[in-house]
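Engineer: Each chain, written out:
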Amino acid sequence: MKDIQIIELFFRRAEEAVMRLAEKYGAMCQTIARRILRDERDSEECVNDAWLQTWNVIPPQRPACLSGFVGRITRNLALNRLDYNRAQKRDSTLEAAFEELSGSLPDSGDTLTDEVTFHDFLNRFLRRQSEEHRRYFLRRYWYGMSVQEIARECGVGEEKVKSALFRIRNKLRQAMEEEGVYV
Amino acid sequence: MSERMYARFLLFMNAVDDDLLEEALAVSKRKAMLHWRTLTAAAACLCVVLGLLLWQGRTPAPPESGVTAADLAGYGYTLPLPADAMDILYDLLPSPSEIPIAQARFGTGGHAVTLRAWRTEEPQEIFDDETWTDQMDWSDGGTTLSLRSNAQTAQVSWYADETQWSVRSDMTPADLLNTVDDIFSVLGRQLNRAPENAQDVHYNAFYLDDLAVGETSFTLDGVKYIYRIAPTYDTSPDFADISGVEETFDHQAQAEVGWCPARLAWNDGGAGKVVWFDVVPGQLYSLSVEVGASRESLMDLADQLFLPAQGEV
Chain A
5 MKDIQIIELF FRRAEEAVMR LAEKYGAMCQ TIARRILRDE RDSEECVNDA WLQTWNVIPP
65 QRPACLSGFV GRITRNLALN RLDYNRAQKR DSTLEAAFEE LSGSLPDSGD TLTDEVTFHD
125 FLNRFLRRQS EEHRRYFLRR YWYGMSVQEI ARECGVGEEK VKSALFRIRN KLRQAMEEEG
185 VYV
Chain B
56 MSERMYARFL LFMNAVDDDL LEEALAVSKR KAMLHWRTLT AAAACLCVVL GLLLWQGRTP
116 APPESGVTAA DLAGYGYTLP LPADAMDILY DLLPSPSEIP IAQARFGTGG HAVTLRAWRT
176 EEPQEIFDDE TWTDQMDWSD GGTTLSLRSN AQTAQVSWYA DETQWSVRSD MTPADLLNTV
236 DDIFSVLGRQ LNRAPENAQD VHYNAFYLDD LAVGETSFTL DGVKYIYRIA PTYDTSPDFA
296 DISGVEETFD HQAQAEVGWC PARLAWNDGG AGKVVWFDVV PGQLYSLSVE VGASRESLMD
356 LADQLFLPAQ GEV
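Heads up: the sequence lines are chains A and B, in that order. Just so we're aligned: 95 in this note's numbering is position 91 of the first sequence, and the numbers increase by one with no gaps anywhere. Just so we're aligned: 362 in this note's numbering is position 307 of the second sequence, and the numbers increase by one with no gaps anywhere.
It should be emphasised that the hints constitute simulated quantities derived from the structure, not laboratory data. From a predicted model like this one, the values you see are computed outputs, not experimental measurements. Hints are supplied without guarantee of correctness; some may be wrong.
The following residues of chain A were derived to be distant from chain B, with all beta-carbon distances above 10 Å [stated by the list, open to error]:
(1) GLY30
(2) GLU48
(3) GLU103
(4) PHE170
(5) GLU181
List time: in silico SDA-like cross-link candidates among lysine to any residue, alpha-carbon distance up to 25 Å [said to hold, decoys possible]:
(6) A/LYS6 to A/ASP46
(7) A/LYS175 to B/SER152
(8) A/LYS28 to B/LEU362
(9) A/LYS175 to A/PRO110
(10) A/LYS175 to B/LEU362
(11) B/LYS279 to B/GLN307
(12) A/LYS6 to B/LEU66
Quick reminder that beta carbons are idealized off the backbone N, C-alpha and C, glycines included.
Assemble the whole structure, with the sequences as input and the hints as a guide.
Structural biologist: Dropping the structure here:
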């Protein structure tokens with residue numbers, strides 16, 4: 005079923021909407037949650053919560069991209085649950101990916117940048133990148149996808165993705181140093 | 056992961072705006088638009104060939120500024136001019152960035168027109184300030200346009216593919232919109248929504264009951280049709296009729312255009328209209344005709360014209 009038809013079911017408050025959404029994006033959302041939580045049961049509960057949250061916000065919202073919309077909701081819900089898994093001393097795939105990024109950033113200085121300033125800095129930086137490079141970067145470090153997955157889903161070679169990630173990491177480090185952003 | 060590193064991780068994870076996170080998961084343009092790329096490339100080749108043919112067929116006016124189309128091309132500009140453009144003068148104007156604004160002044164239909172384009176990362180105003188008495192903004196074919204006018208001048212602007220476009224002329228707003236429609240067709244895009252074999256096609260935009268309406272009028276097999284589109288935030292089932300046709304009809308019926316609820320009204324062989332509403336992303340449509348109406352003819356053409364604003368993603 006097309007996204008537009010699924011969204012129309014939500015607008016009609018038809019319970020079939022959730023079933024169709026789960027059919028089309030269940031596997032994708034389960035993967036997103038699993039990369040963050042690793043625990044299968046937690047991931048399932050997280051995805052079910054995502055369907056409920058989607059039901060609560062459509063309408064009035066009309067997502068331009070349904071996959072991105074439910075993927076983002078799932079990711080945020082999974083992050084909220086991450087503390088529990090951390091107590092079990094099990095790092096998630098996403099955390100492992102982030103360590104790769106963190107390792108190429110400047111060391112924290114004496115004066116740390118506050119959350120609001122960092123939020124503003126990071127989004128300005130990301131919006132200056134090409135959409136293609138931004139997509140690779142966020143998929144790798146904010147969704148925990150492997151280089152192979154990104155290359156396959158975006159229809160490009162792995163070397164291209166690796167090269168883009170390398171360049172953006174360097175640009176980010178340079179921008180942080182230039183603006184004195186330390187976290 | 057240490058507690059210090061985990062704090063950094065959470066800071067990064069919560070710092071990215073929702074729209075960027077959603078964009079990252081959207082179907083890759085490269086993947087989804089592969090066949091469009093081929094078509095675009097073919098269209099671009101066609102534009103170059105047509106442009107060369109048209110250019111060779113004209114006697115260019117003396118280049119006062121000394122700037123040629125080739126100079127513009129050096130900055131990545133190919134200005135799409137209507138087929139009947141005359142006395143073309145190109146220029147490059149300074150801008151706040153390293154990339155200049157490209158300009159073409161030309162004549163068409165006895166009026167002077169100035170077309171400007173600027174490659175920039177966000178929408179910009181690229182003409183001098185003017186006092187406007189009327190203005191409207193609307194979306195059509197995925198592009199947001201703005202029309203500004205006063206008693207002497209009209210201007211249409213839009214931003215697409217990281218380029219700000221703006222056209223200004225002493226034409227009436229309706230005539231300028233037709234010129235913009237010509238420019239769109241050279242760009243390989245579509246502003247009017249007429250069928251391929253339609254004749255006498257005109258595009259217009261105006262406000263109707265506070266709704267910004269894009270209107271295409273055309274003649275098909277000798278019959279004149281008017282097709283309108285307007286975005287709306289009102290999602291009530293009793294959606295608005297934007298056809299502007301108020302007369303009483305012998306027949307009325309409910310139907311569906313695509314998956315959208317539709318209302319029909321017609322007199323056999325006389326006038327008729329069909330109005331429908333696409334709840335996502337909230338778009339009203341109408342198709343009306345003055346003669347030759349029947350339920351079948353209205354529904355057939357409505358189905359043919361309806362192009363969902365939001366395709367599968």
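Engineer: Does each hint hold? Answer for all of them.
Structural biologist: The hints, checked one at a time:
1. GLY30: Non-interface label stands for A/GLY30: nearest chain B Cβ at 15 Å, farther than 10 Å.
2. GLU48: holds, 20 Å
3. GLU103: violated, 7 Å
4. PHE170: Label holds. Min Cβ-Cβ 18 Å, cutoff 10 Å.
5. GLU181: holds, 16 Å
6. A/LYS6 to A/ASP46: Violated, at roughly 29 Å.
7. A/LYS175 to B/SER152: holds, 21 Å
8. A/LYS28 to B/LEU362: Between A/LYS28 and B/LEU362 the Cα gap is close to 23 Å, so the pair holds against 25 Å.
9. A/LYS175 to A/PRO110: holds, 12 Å
10. A/LYS175 to B/LEU362: Distance ~42 Å between A/LYS175 and B/LEU362 Cα, so the pair is violated.
11. B/LYS279 to B/GLN307: Measuring from Cα to Cα gives roughly 21 Å; hence the hint holds.
12. A/LYS6 to B/LEU66: violated, 36 Å
In summary, the structure is inconsistent with hints 3, 6, 10 and 12 from the numbered list given earlier, while agreeing with the others.
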